[in-house]
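Visitor: Chains A and B, in that order, are what the protein sequence lines are. Residue numbering for the first sequence follows this note's numbering, starting at 285 and increasing by one per position. Residue numbering for the second sequence follows this note's numbering, starting at 285 and increasing by one per position.
Certain hints may be false.
Identical copies carry no separate label here, and so any pair may be met within one copy or between two of them.
Stated by the list, open to error - Only pairs whose alpha carbons sit at most 16 angstroms apart, straight line, appear in this in silico EDC-like list of lysine to aspartate or glutamate:
hint, residue 1, residue 2
1, LYS731, GLU826
2, LYS717, GLU848
3, LYS303, GLU506
4, LYS867, ASP791
5, LYS731, GLU711
6, LYS867, GLU529
Source of the hints: derived by calculation from the structure; they are not laboratory data.
Protein chains: 2
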Amino acid sequence: MAESRAVGQRVRRIDAPQKLTGQERFTGDLRVPGLLIARPVTSPYAHARVRSIDSSTALDVPGVVRVLTSDDLSIARDAAGAPVKAPIASGEAVYAGQFVALVLAETDAAAQDGVAAVEVDYEPLPVVATLDEGLDPNAPHIRETRQQANEEEAAMHNADAAVQAEENDEFVAPNVSNSVHFARGDVAAGFAAADEIVELTVESLTVHQGYLEPQVCLVDIEPLGDLTVYTSTQAAFYCRTRVAETVGMPTQRVNVVPMPVGGGFGGKFVLIEPMVAAAALAVGRPVLLRYSRMDDFLAGNPAPDCRITVKLGATKAGEITALESRLVFDTGSSGGSPLQIAAILLGGYYRFPNLELRGHEVLTNKPGAGAYRAPGAQQATFAIESAVDELARKLGFDPLEFRLRNCAVEGDERPNGGAWPRIGLKECLEALKDHPAWREREGARAKGRGVGIAVGGWPGGIEPATAVCRLDSNGKLTVVLGSVDLTGTNTAFAQIAAETFNMTADDIAVTTAPTDAAPFAGGTGGSKITYTVGKAVQRAAEDALKQILAVASEALEASTDDLELVDGAVRVRGVPGSAISLKDIASRTMGFAARNEPVYGTGSTAIRESAPGFAAHLVEVEVDDVTGETRPVRYVAVQDVGFAINPAEVEAQIHGGVVQGLGWALYEGMVYDSDGQLLTATLMDYALPRAEMAPAIETVLVEVPSEHGAYGAKGIGEPPAIPGAAAVANAIRDLTGARLTSLPIRPEQVARALWDATSAPAAD
Amino acid sequence: MAESRAVGQRVRRIDAPQKLTGQERFTGDLRVPGLLIARPVTSPYAHARVRSIDSSTALDVPGVVRVLTSDDLSIARDAAGAPVKAPIASGEAVYAGQFVALVLAETDAAAQDGVAAVEVDYEPLPVVATLDEGLDPNAPHIRETRQQANEEEAAMHNADAAVQAEENDEFVAPNVSNSVHFARGDVAAGFAAADEIVELTVESLTVHQGYLEPQVCLVDIEPLGDLTVYTSTQAAFYCRTRVAETVGMPTQRVNVVPMPVGGGFGGKFVLIEPMVAAAALAVGRPVLLRYSRMDDFLAGNPAPDCRITVKLGATKAGEITALESRLVFDTGSSGGSPLQIAAILLGGYYRFPNLELRGHEVLTNKPGAGAYRAPGAQQATFAIESAVDELARKLGFDPLEFRLRNCAVEGDERPNGGAWPRIGLKECLEALKDHPAWREREGARAKGRGVGIAVGGWPGGIEPATAVCRLDSNGKLTVVLGSVDLTGTNTAFAQIAAETFNMTADDIAVTTAPTDAAPFAGGTGGSKITYTVGKAVQRAAEDALKQILAVASEALEASTDDLELVDGAVRVRGVPGSAISLKDIASRTMGFAARNEPVYGTGSTAIRESAPGFAAHLVEVEVDDVTGETRPVRYVAVQDVGFAINPAEVEAQIHGGVVQGLGWALYEGMVYDSDGQLLTATLMDYALPRAEMAPAIETVLVEVPSEHGAYGAKGIGEPPAIPGAAAVANAIRDLTGARLTSLPIRPEQVARALWDATSAPAAD
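In isolation and in its complexed conformation, chain A is listed as follows (with noise of 0.2 angstroms):
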C-alpha cells in the first residue's frame, strides 16, 4: 500500500470537529412544533402489582397534558398482556425503576412536577433479587401474570414438560429462560489424563454501558400519523422494524433518522423507541423523551451479571487435556443475555481435546439485560484466562508460552462445531512476546510490578450490506449509507472511497441517511460495519470509477482501458492535455438535457464468513498493600485489524476498549440489595474510569488480512474491550500471588487477600 493515499493513512474524523467545538446536534437538541416532554413515573418496587394509578392531580398540574400507562399505548403485547421489549410495565412491576406512566408536558418542569403528583397504589410481591435466587427450583417466577399463565400451561400440558426435560438432564427452574450445552470428546478421560487441574470460579457484576448521551428519542408525527423517529441509536433499520412491528402499522410509515450517537457500546439498539412512538400516537402530538443519568441506571439494558466456574486440565508438556465449564448469566427481568457467545468464546480460545460447557440464563427483577461492547466476552475472557494463567503457573509453565502451546489456529474447532477461519491469535501472542514490555517483565517486577497477561477474541458479525457513491455536480463525491457512524467508521468509508478514486478522504462526503431512503446495512454492532459496509464502499465507489470512465471515454474518445484518474481528472495515458475534469463529467451527466446518466455506484456484500478479531494484552500493576488499591502502570494492547484503514482511529478504538476493559477489571458494577434496589444509581456511586486512572497504552497492529473485508480489514470494536480484566487479575496474582476472581477487583477485596495470604502460605 505504498502507493496509497487514502486507505492505511492516518486521517482525522469526519465527525471530529463538530463534537469537539460542541456543535454537534444531538437528539435532545431537537425540538418540533407542538412537542411534549415525556418523564417517567417509576415503580419505586423491584416487584409490585400495580393496583390503579391516579393522574388526576397530576393534570391538574399547569403544562401537563396527558398521562399516559401502557393501557394507553397501541403496542405489542406478549401472551400475559405486558408490553414486549418496552420498558413501561401493564399492571406489574417487574424492577425498581421500570416506568408505569407517563406524564407528557409542554415543558420539562411540568413534567417532573407531574410525575410527582402521580399517585400509584403498588402491592409489593415476592423479589427475586440475585442470581442465585433466580437459579432456585422453588423460586417464584419474577413475573406474577406470567407465572400463572406458566401454571396453567403447565396443567394443560400435564407437567409433560418439566418430566421431558428431566429426562433430558435439563436443569429446570422458573426463572430459567434458556440454557445451552456444548460437548466435545470425554471430558472424564481428559482430566484425567491431566497432569494438573484448576478449577475456579469467577463473578462479575452487572456493569453499564456508560455512554456520555443516555438514552433519547425523539417522535414526530407526520401528515396521516406516520412517524419520524429521531434517535440515538446504533441501528437504524432495525430500529425502523422493531417500532413499525410494536404499533403496527407498516415498516414505510415509519422512518428512523439516526442522529448522532453521544455513546453506544451495545446499549443503543432499540429500548425506548417503540414507547415513544406509541405515545406520540397516544397523544396525536411529537414526544421526547430524555433519560436522565439516573433513569438510564434504573431503566436501561445495563451488561448481566454473571457466575462462572472453570475447570481446566493440562499434562506436565503443557497440553491441555480438557475444559469443563458451567456458565449462569443473570439476565434480569427479560431474555437476551449473551449466554451462547460466552460458551463459545470460554471453549473457543485454545484446542480443547474435551470439554463440556453447561449455561443458564435466568430471569431476575432488574432491568433486561443488554449487549455490551463484545457482549459474554468479557465475563468468559476473565473465567477462562485466569483459569489459564492459573494452570500455567501452576504447571511452571511461561503464561505466554503456555498460550502459544495451545492457542486455536485456523481450523481448530470451537465449541459449536465450526472451525475457526484463519485468526491472529497466534501471531498477536507471538508479537507480544516480542514487545519489549514482555521481554523485560522482569525489570518491571524488579520494581515492584506485576505482570499480567490475557488474550481475548470476537468471533466478528455478518450481515448483509449496500452502499452507494454518487459524483456530485462539482466533482466530488458522496458516499450514501445506512450504517450509524459510532466510531468513526464513516471517516474510514471517505478513505475507501478515496482509495478507489486516487484521492484523499476530503475529497469524499459520507452521508448516514435516515431509512426511508437509505441503502441498508445492519446495525453498528458486533465489529462489523467495517468489515460488511467497508466492502460494499469499495464495490460502490469501483462501480462509480466504472462508470465515470465510461464517460470520460465517449468525452475523449479513447479506450477505458487507457485512461487513469488522476488529481480529479480523468486522462489519457500518456496523452497530456487530454483530459476531462470530474466536474465536467458531472455536467455531461447532470443538467437540462446532458447526454449521460448520473454517476450513481452501488456496491452490497453478503459476506458469509465472519473474521473473528484476537487480542493480546500485558498490563503492569502496582498494589498498595496497605489499601489494596491497584494502579495500572503500563499497558500494551496487541491486536490482529487485519488491516488498518485508519491507524489512528483503530489505535484510538484499542485505546476506548482498554479503559472500557479497566473498568469491568477495577470500577464499574452496579450493586443491588436483596431487595432488588439498586444502590448505584448515579455516577457518585458507579465508578467510571477516569482520565488519570488510565496508564500509558502501547498499541500493536498486527495485520492478519481478512479474505473478505475492504483491504483485508476486519473488525476491530470489540477485542480490545475484551481481555483487560483477566490481565489485570493475572498481574495482580503475579505481583502479590493472590488469585481475585470478583469483579470489578475493588481495593478492599485485595486487601483482604493479601491479609489472608500473609496467614497461609502463597499458592505458588
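Given chain A, put chain B in place with the hints provided.
Guide: Coordinates of chain B only, in the frame set by chain A:
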C-alpha cells in the same frame, strides 16, 4: 396492457389524503430552535439609487435581531457588484418591490414592525417601464451601475461591438439582452406565391404562476455552518448547486430538503433560497422567509409580457407558403425570457417552407421573468394560432382541415434545424375532427355560440436521472428518488414499479429524498419527470426484480427462468407450494447473519431525444353583446400523452392546464403603470379563474407511444396550458367576427370590437 394491475389504471394520488385533509406539512409550517423570521424592506420605486439605509430605529424594536442589506450577505455578485439571481438590491433598486434589506426578528410581528422602522433614503432614477421603452435605442439602461460599466466597456472597445452588430443587421439598444434569428428558404418568394396573406400583432401581459403557496424557504444552520435548505422548490439538486455557488460553499455542505410544493408551475426553480441561505449564514441562526401574496406579485418571477407580429401566407389550395414573425419579450430586470423556445414553437407547428423569425428580449424595470408552465408557448401559440385561423377563414377553409393539411409530422424541420421526432399533432387534430363537439359545431352556433379551435405543443425536456427500488424488511418495496412530485409523478412511479412486480401501486412506497442522499434527478419542469425518471424507475424495478429472483432461485433451488412473482411471492411455475414470500426474501437479505445481498435495484436514464407533446383544444363560447363578457361553456381537450400511466392523473393535469389557459385568455394580467408600479398586487386586482368560471372539460387521450418513456409515456404537463388563449380568441372570432389580439381578452375589449364592427363591414 389488458393484464396490467398497475400502469394504465386510475389510481388515487399517494399525496391526496394528507393534502385533502389539510394535514400536509409545508415549508411554512416548519419551526426549528433559534429560528428567525425574515421580512423584506422593499423599494417603492421601480428604479432608484439607495443612498443610505438607517436601521437604528428598527433595531430598537423588541424582537428585531438584525437588519441585513446586501452588503451583509456573502453571495455571488456580478461585475457591477449586484447580487446575481437574488431578489435583493445592492445600492440600486431596479424594480418596485425589490428588496433593499431584510429584517430578521424573533417573531413575524416584530419583523413587520422592524420593516416599518427601517428608513431608506432613495434617489429616484429614470424608469424603463414598457416593452417599447426597452426597445428604445436612446433609453437609459435599466441599471445605472451597468450603464456605467457598459459605457466604460464601449469606450474601451471603441464602439466596435455596436458597429459590428449593425453590419450584421442586428438590432442594438441598451436594454436588449438577447436576440434570436431563424430563417429558412426565401420568405419574399413565399409570400409572392401566396394567394392570401394575413398579418397581425398580438400582445399579452405579464402573468403570474398563481400558485396557492407563495415562495417560502427555511434555511437551518447545521454544526460547522453547513446548511439545510427546506424549500418549496421544483428542483432540489439545481437549488442545491445554486445555493452552494451563491454562498461560496462546497456543494456537499448544502443539503436541500424538497418540501411538498403548494403549486409551482415553473415559478419555483430557485428564487429566494440563496438569499435566505446567505442571511442565515450572516446571523448564524436559522432563517425563514415566507412571501406574502403581495411579495409574490411584486418580487416573484412571473411570465413575461410580449408582443408578436405574424405574417402568414398560403395558396388557395390551402398550402402555407411563408411565415415571417417578430417577437419581443419583456424579460424584466434580469435576462432569461423564453424568447427562443417561443420562436421555435411559433415556427414549428406547421410545415413552413419559407420562414424568418426575429426576436428580441428587452430589460425593463420590473421583476425578472421566470418560467411559467410551457414558457413562451402560450404567447407564441396565441400569435400563430390566431394567424392560422384567420388565414383559413380568409381562404374559406375549414380551420381544422387547414391545420390538418399543414401540420408538422415526424421528420418535418423545426426553425432551429432539428426535425420533429414522431409526434401526435396530426392524430390530435384527427381525434378532434371526430369529436361530437366538432362534428356538431353548427348546432352550437345555432345556439349562439362561437366554436374555436387551436393546437399547441411542447418540445419536452430531457435530463438524466437515477432511481432506486429497494426491498424493505416487510416484503414491500420503496422507490427512492431525487425528483420533486408536483403533480402526482410519485403515484405514477409507484404504478410503474408495481407493474414490474405484478402488484398494485399500494404496495410501493415512494420517497423523495434530500439532496445529500437522493439519486440525481432534474428539476420538475419541462414535462420531463414522468418521461425521464419514469424510465429510470422502471429499470430500477427490473433490476430489483432480477435480484429478488436470484435470491428466490437459491432458496427454491430452481432456475430463475422458472420463477414468477405473483401476489407478493416468488413461486416455481407449475409447482404449487414451491414458493417464497417477498418478506422471507427480505429476511434472507437483511438482518444479522443473513446470507444474501440486500435487494437494491437502480436504474438510470440519459434519454437523448425528447418526446414532444401536442394538444388540440376546442372551446365553445358565449359572448354578452352588451357587456362584452365572454363565457366558455364547453371545452374539449385532446392530447397525445404517449401512454397514460394513470389516466385519472393525466386528465386532472389537463383540467388544470385548460383552466390556466382560460386564465391567460380571459382574466390574468399584471398591469404596471408608466412608473413601473404594479397596479395588480393582490388577488382582488389580479383575476385568477375560479371554479365557477370553468366550463365542463372533456378530455380525449391520444396515445402515440414514445420510444423512450416508460410504457410509451410522454411528458404531459405543459401542452394542456398552451392552446387556450388562441382557442378562445378564435371562438370569439367565430361568433362575432372580431379578432381579439390582446391578452387577457377583457369584456371592454370585446365590447369595443363589437361596437366597432357595427360601424364597419365585417371581416368575412
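Visitor: Between the shortest in-copy and the shortest cross-copy C-alpha distance, which are at most 16 angstroms for LYS731 and GLU826: within, between, both, or neither?
Guide: neither (55 angstroms within a copy, 71 angstroms between copies)
Visitor: Between LYS303 and GLU506, at a C-alpha cutoff of 16 angstroms, which is it: within one copy, between copies, both, or neither?
Guide: Answer is between: at 12 angstroms across copies they meet the 16 angstroms cutoff, but 30 angstroms inside does not.
Visitor: Under a CA distance limit of 16 angstroms, which applies to LYS731 and GLU711: within one copy, between copies, both, or neither?
Guide: neither (29 angstroms within a copy, 99 angstroms between copies)
Visitor: Using 16 angstroms as the alpha carbon limit, work out where LYS867 and GLU529 are close: within a copy, between copies, both or neither.
Guide: between (45 angstroms within a copy, 14 angstroms between copies)
Visitor: If the cut is 16 angstroms between Cα atoms, do LYS867 and ASP791 qualify within a copy, between copies, both or neither?
Guide: This pair counts as within: shortest intra-copy Cα distance 13 angstroms, inter-copy 38 angstroms.
Visitor: Using 16 angstroms as the alpha carbon limit, work out where LYS717 and GLU848 are close: within a copy, between copies, both or neither.
Guide: Neither: 45 angstroms inside a chain and 60 angstroms across chains, both beyond 16 angstroms.
In terms of the numbered hints stated before, the structure departs from hints 1, 2 and 5, listed from lowest to highest.
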